[in-house]
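Number of protein chains: 4
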Amino acid sequence: MFENYIKTRNLTEEICRPLQPEDYVPQPMEDVSPPKWHLAHTTWFFEQFILVPYLENYKLFDDQFAYLFNSYYNNMGTRVERNQRGFMTRPVVDIVYEYRHHVDAAMQQLLKLNNNQVNKLTELGIHHEQQHQELLIYDIKYILGSQPTAPVYGNKFQPEQEKQSAEWLTIPEGVYEVGVTENDHHFSYDNESPKHKVFLSDFSLRSQLVTNREYLEFIEHKGYENFNLWHEEGWKYIQSNQISAPLYWKKINGTWHTYTLNGNEPIQLDAPVQHISLYEAAAFAEWYGSRLPTEFEWEIAAGRFHWGTLWEWTNSAYLPYPGYKKASGALGEYNGKFMINQHVLRGGSIATSPAHSRASYRNFFYPATRWAFNGIRLAN
Amino acid sequence: MFENYIKTRNLTEEICRPLQPEDYVPQPMEDVSPPKWHLAHTTWFFEQFILVPYLENYKLFDDQFAYLFNSYYNNMGTRVERNQRGFMTRPVVDIVYEYRHHVDAAMQQLLKLNNNQVNKLTELGIHHEQQHQELLIYDIKYILGSQPTAPVYGNKFQPEQEKQSAEWLTIPEGVYEVGVTENDHHFSYDNESPKHKVFLSDFSLRSQLVTNREYLEFIEHKGYENFNLWHEEGWKYIQSNQISAPLYWKKINGTWHTYTLNGNEPIQLDAPVQHISLYEAAAFAEWYGSRLPTEFEWEIAAGRFHWGTLWEWTNSAYLPYPGYKKASGALGEYNGKFMINQHVLRGGSIATSPAHSRASYRNFFYPATRWAFNGIRLAN
Amino acid sequence: MFENYIKTRNLTEEICRPLQPEDYVPQPMEDVSPPKWHLAHTTWFFEQFILVPYLENYKLFDDQFAYLFNSYYNNMGTRVERNQRGFMTRPVVDIVYEYRHHVDAAMQQLLKLNNNQVNKLTELGIHHEQQHQELLIYDIKYILGSQPTAPVYGNKFQPEQEKQSAEWLTIPEGVYEVGVTENDHHFSYDNESPKHKVFLSDFSLRSQLVTNREYLEFIEHKGYENFNLWHEEGWKYIQSNQISAPLYWKKINGTWHTYTLNGNEPIQLDAPVQHISLYEAAAFAEWYGSRLPTEFEWEIAAGRFHWGTLWEWTNSAYLPYPGYKKASGALGEYNGKFMINQHVLRGGSIATSPAHSRASYRNFFYPATRWAFNGIRLAN
Amino acid sequence: MFENYIKTRNLTEEICRPLQPEDYVPQPMEDVSPPKWHLAHTTWFFEQFILVPYLENYKLFDDQFAYLFNSYYNNMGTRVERNQRGFMTRPVVDIVYEYRHHVDAAMQQLLKLNNNQVNKLTELGIHHEQQHQELLIYDIKYILGSQPTAPVYGNKFQPEQEKQSAEWLTIPEGVYEVGVTENDHHFSYDNESPKHKVFLSDFSLRSQLVTNREYLEFIEHKGYENFNLWHEEGWKYIQSNQISAPLYWKKINGTWHTYTLNGNEPIQLDAPVQHISLYEAAAFAEWYGSRLPTEFEWEIAAGRFHWGTLWEWTNSAYLPYPGYKKASGALGEYNGKFMINQHVLRGGSIATSPAHSRASYRNFFYPATRWAFNGIRLAN
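Chains as they are written, first to last, in the numbering used here: chain A, 54 to 433; chain B, 54 to 433; chain C, 54 to 433; chain D, 54 to 433.
By construction, these hints were calculated from the structure, which means they are not laboratory data.
Identical chains blur together in the list; that is why a pair holds if it fits in one copy or across any two.
Using 30 angstroms as the maximum straight-line C-alpha spacing, the simulated DSSO-like pairs for lysine-lysine come out as follows:
#1 Lys289 with Lys378
#2 Lys216 with Lys304
#3 Lys304 with Lys289
#4 Lys112 with Lys60
#5 Lys379 with Lys289
#6 Lys112 with Lys303
#7 Lys378 with Lys275
#8 Lys379 with Lys275
#9 Lys304 with Lys112
#10 Lys250 with Lys379
Only chain A is shown next, with the shape it has when bound in the complex:
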């Protein structure tokens, strides 16, 4: 268990290696958290939920960190307001790394005892940190992408050109099983549970994600100007935010470029389009004469195509499965309380930990979300 633990912990630090101390600080929009905060919060999770209750004589690294690095757990006491994270310059980055290593040492000691409940919580903590690794990558891209200087992080986390051809995969109507029932052998989140039956009508999914080439065509055919393609909310959203292209796109000398972690680069026409809101995904599908899949269509068809390059918007709202029960106490705040007004994304992205790649995994974001690594799969 410790091996897996420390591998995850090291990867988080690896992701931050190209950063300057200054890059660890800001929060240029509310969805973004400062890298320093991710480093500390994931550590806080192990400290508060595992070391404090289970390691005898554990000495807190710093009394104040419980307040500073709680994310949203009301049961764990008051916390720094989410939109204030970018103002916390202290503790500085070096101290945050010390904090991490202090907790790692204590976890090493505790994990030797091989306590069953500790192991289970550690597994949850590892998955939690892996989720934050992905957010960390989104946030680093957003922070660096907000710089007028378009700095280089490294040639990483950029989807490759799609190699699959654009076929329609058809699935016959019937009763199917979706979800998983939580068990000790394979980790899953409570929101994927329980396994249950759904009835699906005939449908087809396209094997290939929508490409930049196709999306550019949508732009050039004035897709952003035709209200008939949009949800009422989506139309207001693009008007009031003056949106007419995916996030990070900009025209440089008349040519479409996008900010990548490697700096500004010309659009790769055959790569899948990314950084679009659900509103844009739905408008594109409407223009195309198609639609977005539901999360269950996606899950049933997932064995038929390659996925994992970008999270794929579904037209399913994020709601509990029949029989879902949220855990009691602080861990019950993990998933259940967000089950309203968000939409499910399925699949996974190039920034997703392999441990999170399973057909039953339910990611979720608000429809306006663009900074995540998300794309469009079409259904019919």
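Using the hints, position chains B, C and D against chain A.
Structure of chains B, C and D alone, referenced to chain A:
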């Protein structure tokens, strides 16, 4: 057809009869439209969609009304901004009634021709006006309820005490059919279509709606102060709006009262609770150890209990049915473009036209909506 | 005294005569109060400050009106929030008129007693109502001017074409006396007091107000696009409100028109420009190579030119005179608590009561104010 | 000249020495600029206004910096929005220091030529940087004071206990000269010019600033709860911002403390109160039965008492002197365009450069400003 038409038109005017001219004007929150506006907008619908295209030599009552009384149809041109409706004092109420009667006369003339397409559109216009009748009642209640003087409209539109006992009705798992396929014999909206199959796990619904007595218990057990009962969004919503009881509730000399269309009255303990948001409905269900039904559970069980006193929140997002296609042109803006971020309510209220009482009917509002006549049915 | 009282009261009603009941209700921006509110509030002033304390056995017209029609007097208890006035449909207009006549009858009775303190307060109440008459005219114009239909009120309250030629009147430097000391013979507000000395450097004022012709030249020379002419705040103000002409100006078929109380009319080139903010007045003066006068320059020179068509922006902040003391209690809230962040206007407008026409009178508004009848006088 | 230049430049860096790289980044409220930004912007000023036009073959350190570090000069092109400064992590701190030294080397070279215009502009640049030094100290205090950990910067910039006794110094009425006329011998800003006469009535100023002891008494006598003491705006301001004590005050275990650059410390009762808005200063004066001085009263009496510990709020609006002309071009944006809605402060603080300590100096802030080092002098 004209008989049905004129009956609906007269009912709208009947609803407004207790109002003073001043009451027709304001818009005390964005969801509310001024009564004057409802009177004119429903008339505009007949004029623009039926008289202009189908009645030869029809003379517009006033050229500017197309601009003044369009609600949200982008295809019908520009319009007064929704949040500006309460500033329109002109045309005055008397002119709006003249406008209604001008259009009624023309409709009478046109309907004599018994044109099939006209009849179909007229039926849609009647249903449209019936929907507005219900909104009109909500809006009148909100306008009068905003007066510090709590004026009397009349002893109307107040749910009676529940007479059903609180039983749990159980339904076995299976594949069920929901929805209707649009046809010429029975009117339905496009969002109810097509009829399709769903798989439902075992479930039970409570025959009786949640009563004021039960809801009061929730309040007294500090339900509004226990964050573990709430969605994250719901918790923020009640905090930032300082909500600790249903809309219209107020303590007068230590006793809970509510504004009714008959003035302020003490809470009727055995009547169903109303004017609560989805957030509150969900928190109540959580506290009760229960949950809200899905829209399909509701539809399948609807034959087993009495309904129609209050719209019932479901935990289903308002999304298209498999195979749903929105109409082209302006009428396609009727339903489809709202299919995001709203929740379905099923049933009907004491303010609902009987023509809208069917098990397949899908009403929809944002989770924060409280001014509608909505209540809570529990599921398990 | 009663004669003067009733004359003022009647004039207020006279001003409202062209209105429809609906026009009495809305509040299309926060500066505006509904005409109904003005009618009631001025009545409340007499009731609360005079009848209640001085008329034995006076019976309140309605207990709730103290709450409903208080404007900003913290000492008089809680009140309807300023931005909620447009939602009060009750009491209806007819009741408000009854309220007025109830109070008028009681005042008639009380004034017969010829009590000194009552007379003094009545004089203040008359001046208070006269101030509201002017605001009422601004508000009626704004309410009617917000209608897409541009309704006609009557050919009134429109400044005539300037007949004075544009001369520069020079005043030599020296110590001058400004203000008045409050006394029993001539009414004045506490903010005009006490009379005191100021030193003025040489200056000159232009006899003629800036005309529409001149202002149009400013527009056509891109005055609204040249940031060097503007205060930093003014520049932001016109950008974020998308202002490029005076309030009520609009181009109809390529020609500049303005909404007047007589409907939309072409700009009168030789009439003084009105409905401009202090920001615009200052930018115009900068463009002209001139400046705005101080309030003392204005007061000293006021005998040399005609004024009273439009309030004239000065570049003096609204601050207390040396030795100014505000009254204690509710009447102390009349002027003193507003002495920050506003600017003084001098003179008077075509909507100003003659009783308010004196060289020492200090009107005041925020720099962004445009709905008042204000204009530009230049200084050097 | 270079000696003076480099001394100023070094002092700026000295002020930043106790900071960690992370502290240079954030902007926790809009008034605050990141320390990194101050370091770069003051350098940009020399580069853009002096090196670019006057040093032959000068090579820009980085082309993009003109855009990145312009503050508010519309004439110098577009710029990063003021409220976005805290998101700029690049260039990092080290590069900003390189930028400074690059410009310093070029300035050394240029200043050797002893060009008259260059010398004059350099003097302005030095004064500009000295102003930013003071803001830098405010901003550092605010950034560190926003940390829940209350970090220590050093025992600096904290006013000492007042040693003067609280006497009233009286000045007789008369015509006085205020301001200075710009000249080559003593530097002054254009807003202090020209020297001119004013008439002052008899007045007295208190020799001692208001102390924490006195202010605490105001708090304990419920000064923050008595609306009669406050401007209407001030009352709204403290309500909506929930203000009931000076900025940085907090109760720790029942005792009033304040954040100082040395960490949280108990209030020093005999030190002058600081970090209060003009609204609070005026309410305190009202409660005390006194008032704030005008800027001219202050200037005339300034020889009679010690000052320079805190900037002193006056009740004078920041407006141009008679005959004031703003410079043309970008440097004309220095002062004139801010002359509206702000109030003058006189004197100077412990964070003010000695070169800015003169009786004619006009500092100015909005009435709500609390993060500056400001205090209260009473007048009568």
